[in-house]
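*Asks:* Put together the whole structure using the sequences plus the hints.
Just so you know, the sequences run in chain order A and B.
So the first sequence is numbered by this note's numbering: it starts at 1 and just counts up by one.
So the second sequence is numbered by this note's numbering: it starts at 1 and just counts up by one.
Just so you know, the hints here were simulated from the structure itself, not pulled from any lab data.
Predicted, not measured: the structure shown is a model, and the values here were computed from it.
Any given hint might turn out to be false.
Stated by the list, open to error - Calculated cross-link-like contacts (lysine-lysine; reagent style BS3-like; alpha-carbon spacing at most 25 Å):
1) Lys-114(A) - Lys-51(B)
2) Lys-114(A) - Lys-144(A)
3) Lys-68(A) - Lys-126(A)
4) Lys-68(A) - Lys-51(B)
5) Lys-227(B) - Lys-51(B)
6) Lys-264(B) - Lys-70(B)
7) Lys-68(A) - Lys-114(A)
8) Lys-126(A) - Lys-264(B)
9) Lys-144(A) - Lys-126(A)
10) Lys-142(A) - Lys-68(A)
11) Lys-70(B) - Lys-126(A)
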Amino acid sequence: MTLPPTSVFSRRDWLLLVAVIGMLPFAEKASAFVNEAISYAFEAATPYVEHGFEVREDTWSGEVEPGKPLLVRHQLFRGNEYWFWAGTSWPGATVKVDIFDSEGNSIGLESFAKGNFAGVRALPEKTATYFIRVVTQYDPEKAKLDEASEAVEGVGDYEGMVDWGLVYGYR
Amino acid sequence: MIHRDFHAPILLSKGLTVFAIAAALSFGGFVAAQEEAAAPERIDLTNFPGKIVDQVVVPIPAEIFSVLDKLDEPEWSRGVSIPDEPGDGSDRSLLALTFGSLVGEGFIAVQAEEAGDIEEIGKKVLDLSQALGLSNAVQPHSLAIIEAAGDRDWERVRDELDSTQQTVRDTMDRLRDQQLSGLVSLGGWLRGTNVVTTFIRESFREDKAELLNQPGLIIHFREMLGKMKGPSASTPQIRAISTGLARMEAIITGDGVISEEDIKGLNEISRAMLEEYYFTP
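*Replies:* Written out as structure tokens, the structure is:
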């Protein structure tokens, strides 16, 4: 199975692309062009830019077996506010994201999860390494519906792995 | 946990406003439909049932600068120090470190809102990218940095500096040069650490010093240098930087308490490391 390559677009390119797609009357077909996990994560991040969040260019991504949680370590600074946004582009896949301190305590202040993307907000109480957990799920019935409605092309047959991407912003 | 709902338009650039408004209307519908995600209150990190991702994303200096700005009023213009001939040499490892530090310099100049310095840095970034054989990838960013500085659009300059660094790292990764890619991040981190410790040293406070509590990043950089291969791995400069990181690791123990003496030490160590390839001793 070959997943789509990680994008080389800059965040500004993504913001433009997402904005253009928002204008299209047939957004489902257009979304096939941005059918990548990272693009979904950036898509989730886009509305937050207007609220003063600087969204980083550097990202995490890969493939994972649905249901198997991923743990990303990341340095956060007390005094900043953070949002982490996760995405998956695989038809039938969903994603959730949450954040924990070094003791394993949840520090997420608010969160959302909507199908292909999710987000969690945190205000770290100390400058330290934190842990962001990403969990994907795969539903074959949803996959059929997604493929029928989104005309997803070129991702191949499901072979037990889905793509995932994680981006973050701060202010 | 509180559900958050955004209906506001997306802010891009002047030329994209029309797109942004339309996109916001589109987003209004699906964002409103977002569901709150329930997270467990606690997980056992010592027995995590999944995969630990080994990829490390290094924070850009601007992330630390933004906190320092909230805690103090640093005179950022005093922090800008652009070398005359950055990257004067042919060792690609040192060029990559220098590139990262020069981008870090750009972030300092943005905090200072010094358009002239940013334009100079933008030009030097392009020169350095030519030495690295990456000018095609970097040129659009370099021009955008210079243009945004001229417009005094500091947010865009920050975006372009981040993009520049990321483009270079992505290009190096595609060329299977991950070793150089990591050095770009290290160079930026080192320049940021040096300027932050300079300001904190001048007016010490524990909450500011806590910004240096980054043991995980230091371990990451040490491991990265430890895995370096080829002639660059054993140059005096890389060895000196490796030693400097070891000294930093001894200071930053991870308990979160960083003293005034520690800050002085970190400032002097980071300065000495930068003098290996960036500043003139």
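*Asks:* All the hints need checking, so say for each whether the structure fits it.
*Replies:* Evaluated hints:
1. Lys-114(A) - Lys-51(B): 23 Å, holds
2. Lys-114(A) - Lys-144(A): Measuring from Cα to Cα gives roughly 18 Å; hence the hint holds.
3. Lys-68(A) - Lys-126(A): Distance ~29 Å between Lys-68(A) and Lys-126(A) Cα, so the pair is violated.
4. Lys-68(A) - Lys-51(B): Measuring from Cα to Cα gives roughly 7 Å; hence the hint holds.
5. Lys-227(B) - Lys-51(B): With Cα atoms ~22 Å apart, Lys-227(B) and Lys-51(B) stay inside 25 Å; holds.
6. Lys-264(B) - Lys-70(B): Holds, at roughly 22 Å.
7. Lys-68(A) - Lys-114(A): 19 Å, holds
8. Lys-126(A) - Lys-264(B): 21 Å, holds
9. Lys-144(A) - Lys-126(A): 45 Å, violated
10. Lys-142(A) - Lys-68(A): The given pair, whose Cα atoms are some 19 Å apart, holds under the 25 Å limit.
11. Lys-70(B) - Lys-126(A): The hint holds at about 15 Å.
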